[in-house]
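S.K.: What follows is each chain in one-letter form.
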Amino acid sequence: MKIAYYPGCSLHATAKEFDLSTRAVCAALSVELAEIEDWNCCGATAAHALSDALAIGLAGRNLALAAQQNMKDLLAPCAACFGRLKYAAKALGAGRGELPESLDAQAAAGVKVRNILDVLLNVVGVERIKQQVSKPISGLRPAAYYGCFLVRPPEIAEFDDPENPTSMEQILEAVGAQPVEWHHRVECCGGSLAVTNTASAVRLVGEILAHAKSAGANCVAVACPMCQTNLDTRQAAAATRLGGELDLPVVYITELVGLAFGIEPAKLGLRRHMVDAMRLTRIAFSKPAELAATGG
Amino acid sequence: MRRVGVFVCWCGTNIAKTVDVQKVAAEAARLPGVVYATDYRYVCSEPGQKIVRDAIGEHNLDAVVVAACSPAMHEATFQRCIADAGLNPYVFQMANIREQCSWVHSDRELATAKALDQTAIAVGAAAKGKPLMRSEIPITKRALIIGGGIAGIQAALDIADAGYQVALVERQPSIGGRMAQFDKTFPTMDCSACILTPKMVDAARHPNIALHTWSEVESVSGYVGNFEVTIRKRARSVNLEKCTGCGICEEKCPSKVPSEFDAGLGMRRAVFRPFPQAVPNVPVIDRENCRYFKTGKCGICAKLCPAEAVDYDQGDELLKEKFGAVVVATGCDLYDPARMGEYGGGRFADVITGEQFERLVNVGGPTDGHIVRPSDHREPKTVVFIQCVGSRDDTKGYPYCSRVCCMYTAKHAILVKEKLPDAQVYIFYMDIRAAGKNYEEFVRRAQEELGVKYLRGRVSRIYPEGDKLRVKGADSLAGVAVEIDADLVVLATALRARDDVAEVARMLSIQTDQYGFFAEAHPKLRPVENLFAGIYLAGACQYPRDIPDTVAAASAAAAKVCVLFSRDSILSEPMIAEVNQARCSGCLTCEEVCPFDAIEATVITDMFTREKRTVAKVNEAVCQGCGGCVAACRSAALNLRGFTDEQVLAGMEALCRE
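Chains G and E, in that order, give the protein sequences.
So for the first sequence, our numbering puts the first residue at 1; every next one is plus one.
So for the second sequence, our numbering puts the first residue at 297; every next one is plus one.
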């Protein structure tokens with residue numbers, strides 16, 4: 001199965017570990033990822049606020065290129081890219097926006113845009129994932145955090161339930177983890193305010209992580225570079241504000257899946273986190289009972 | 297030769313401002329067939345109508361044209377007027393020079409020319425008009441009432457008291473409907489069962505009312521005065537005559553199922569009465585959940601019944617009966633709170649609906665009337681009510697207001713304060729709609745005497761925090777975000793149309809609106825009738841409403857039925873389709889096209905060949921005169937009386953003559 005791969009700005013830079021782990025996991029599952037030639041920025045940060053035409057055009061060009069390069073499915077691991085590309089596909093399909101003449105807008109509209117959870121659950125399937133697991137990560141109790149763009153707005157994302165999603169939990173269970181039951185899975189982390197109103201972002205990050213911790217989590221699983229950056233880099237400040245320890249590694253779900261597939265942690269990017277995530281390798285493969293005994 | 301009179305109306309300035317009505321009258325006088333034409337300020341008024349009647353007499357008119365407003369407005373008025381002057385009401389044509397001319401144009405010259413054209417068409421059609429006679433349709437003076445809630449019960453009692461026979465059909469094992477589920481009713485705080493049960497008993501004992509519970513109306517055909525109905529009396533598996541209502545079967549039944557009556561908060565047995573005051577006080581066996589019917593084992597109820605009333609071999613009974621009128625009182629259903637994922641309804645045990653709260657606080661309910669949290673049965677110290685869950689919401693719910701929730705939430709809040717005086721009670725609202733008699737005072741009492749805290753704002757999220765529920769909302773009047781840790785949250789969910797309204801509507805040939813509520817004939821002036829003659833509406837199946845309005849509507853529908861039954865026959869509407877059987881080829885396309893099932897095949901002896909052949913026949917009592925068949929007929933065999941092909945063509949010729 002060959003899927004067009006759209007890394008966007010983040011996966012080549014600050015979210016390198018998402019790129020590494022996604023490629024490693026897809027390779028293990030025989031999903032061929034072909035990075036789109038000459039892809040451009042999807043416009044997630046500012047385009048939609050400035051001009052609808054620009055938003056559709058920027059994102060739409062990538063879809064047209066994918067179609068031109070003979071690919072009908074597109075994987076955008078970054079949730080914001082996913083949202084913007086899907087928006088453009090729908091808009092072009094409805095006759096809105098335009099692309100340069102050399103590109104086929106209808107073909108662009110026909111490209112199926114997917115996020116990594118969609119690919120794992122609906123293209124690969126839980127059974128195939130289970131088959132690939134060689135080291136179930138039963139010692140991990142991840143709190144699955146969805147953030148915004150993966151499931152909202154519902155009429156654009158068209159994926160999972162916007163208030164009570166379960167796709168990450170399904171994947172985590174398939175690789176042996178014990179995702180915790182908690183209720184801040186779609187709460188705002190203040191990511192969009194991280195620079196303009198950092199204090200609010202720190203407060204919101206603290207609330208999310210504190211709830212994850214009190215639900216019994218020993219790590220947080222995400223599927224979006226913005227979520228990861230915010231919950232990881234602001235964790236220390238949030239902990240200080242709360243006056244206690246948080247100490248929750250924030251990792252991409254593909255890093256956890258990769259661990260369960262027996263892939264080397266370094267190859268998954270596990271060393272690249274602010275809150276140390278390498279320690280997860282020490283507890284990941286314990287049985288839950290052992291873990292409880294050692295207080296992990 | 298026709299003698300047509302034309303009356304052009306000013307309608308004050310409505311028409312005269314844009315159309316030169318005097319010129320229209322002057323020009324109309326010169327049209328072929330017109331012997332008299334005049335204009336007047338308000339032709340529909342008493343003096344205006346007198347002018348028409350006097351002109352008919354003085355000028356010996358045999359057809360009348362009024363150029364004025366829409367026929368939907370005053371056709372009937374003028375038909376009565378000319379009938380009073382001795383003319384057949386159907387030699388009348390109306391030219392709509394108001395809604396179709398003066399109200400939509402501004403150029404006086406062009407509008408006047410158009411008004412004259414419209415008048416010419418009407419004169420052409422009037423010249424070809426024929427007098428029409430109405431025929432008599434006999435009426436069967438028995439009423440069918442579908443639905444045994446308070447609406448159905450009230451309508452049944454009123455019609456039965458008037459001396460007519462009534463069949464009351466209810467799908468549940470007992471009549472009573474929603475009122476049986478309630479605890480107290482606003483604004484009087486009457487016990488709902490106490491005011492309902494006497495009416496239930498009256499309905500059961502009334503000599504003119506035949507009660508059919510655990511039954512459904514399966515098919516309805518026919519027309520006003522002559523409906524043919526099939527009622528399916530489902531097998532109760534208990535003999536109605538032998539059962540004494542002792543309740544031993546229910547007590548001993550081993551199968552427990554979530555109780556629909558308790559909105560899922562409690563359990564019932566497979567052999568059950570929905571509530572202790574059920575009428576009839578005879579249980580039914582829910583065969584889908586009964587061990588005996590599923591596995592052949594058990595049979596305890598039959599063994600223990602002292603009256604030997606359990607009968608597993610009972611089958612459904614089909615009754616075929618005739619009725620003259622049908623009253624639809626099927627009630628409504630409630631919004632599923634799971635559709636508001638952010639509130640956790642359906643997921644968190646202590647987030648319940650208003651219906652569930654009603655059962656909680658009812659002494660006959662699953663907790664004997666103690667207000668406790670479903671999760672741990674502890675008394676709540678903080679209760680939060682949220683109004684408008686699914687109402688006034690065009691993203692996740694319905695745009696309309698459900699009308700009763702502001703009042704019943706205030707009622708619930710008062711009940712909490714009365715039973716748990718130390719509890720804190722908050723209500724999140726958008727607006728307070730308390731527009732009934734003593735309603736505003738009732739809400740004030742909750743606020744001022746009982747200390748219920750009203751917060752104007754929406755709730756964005758509810759999630760468990762420890763063993764409480766954190767409610768995050770806003771107080772828009774104070775301009776702050778609000779967080780409350782509640783022990784119990786009650787959602788006032790929207791009232792919505794039942795899931796099977798499309799089938800019911802099809803069965804009765806009635807319409808629903810975009811929400812599934814049944815449509816009335818006119819929203820202002822004919823609120824309890826349907827466009828299909830003989831079918832009446834009562835209660836929440838038409839729109840969310842409270843008990844006083846429901847009872848009023850039920851009595852209104854009953855009154856309409858009594859009007860229908862007060863005569864032995866009714867007069868049919870003569871502007872209907874007729875078949876020229878000599879021309880009819882018997883293709884029966886018209887039968888397929890007719891939305892009212894008013895056309896059927898019939899066999900005649902051809903007058904030329906003397907052979908038998910099939911032709912179409914119009915049932916004059918059912919035909920609504922829509923003209924669909926006339927348009928579909930390939931042989932031009934069908935014509936619409938009062939609006940014949942000849943009249944239409946004559947109108948066109950008159951127009952083109954200019």
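Think of the hints as simulated: they come from the structure by calculation, not from any bench.
Don't take each hint at face value.
Claimed, not checked - Cβ pair distances, simulated, as ranges:
1. E:R404 / G:G95: 40 to 46 angstroms
2. G:S192 / E:K768: 15 to 21 angstroms
3. G:T196 / E:Y811: 39 to 45 angstroms
4. E:S862 / G:A94: 57 to 63 angstroms
5. G:S192 / E:G762: 50 to 56 angstroms
6. E:A798 / G:H12: 52 to 58 angstroms
7. G:T196 / E:H401: 54 to 60 angstroms
8. G:T166 / E:V776: 50 to 56 angstroms
9. G:S102 / E:Y811: 34 to 40 angstroms
Quick reminder that beta carbons are idealized off the backbone N, C-alpha and C, glycines included.
S.K.: Now look at each hint and say whether the structure bears it out.
M.R.: Now the hints, each set against the structure:
1. E:R404 / G:G95: 40 to 46 angstroms: For G95 (chain G) against R404 (chain E), whose Cβ atoms are near 43 angstroms apart, the range 40 to 46 angstroms holds.
2. G:S192 / E:K768: 15 to 21 angstroms: Distance hint for S192 (chain G), K768 (chain E) holds at roughly 19 angstroms.
3. G:T196 / E:Y811: 39 to 45 angstroms: holds, 43 angstroms
4. E:S862 / G:A94: 57 to 63 angstroms: Given about 59 angstroms between the Cβ atoms, the range holds.
5. G:S192 / E:G762: 50 to 56 angstroms: violated, 30 angstroms
6. E:A798 / G:H12: 52 to 58 angstroms: holds, 54 angstroms
7. G:T196 / E:H401: 54 to 60 angstroms: Taking Cβ atoms as reference, T196 (chain G) and H401 (chain E) lie about 57 angstroms apart, which means the hint holds.
8. G:T166 / E:V776: 50 to 56 angstroms: 34 angstroms Cβ-Cβ, so the 50 to 56 angstroms window is violated.
9. G:S102 / E:Y811: 34 to 40 angstroms: violated, 49 angstroms
The structure is inconsistent with the numbered hints 5, 8 and 9, although it conforms to all the rest.
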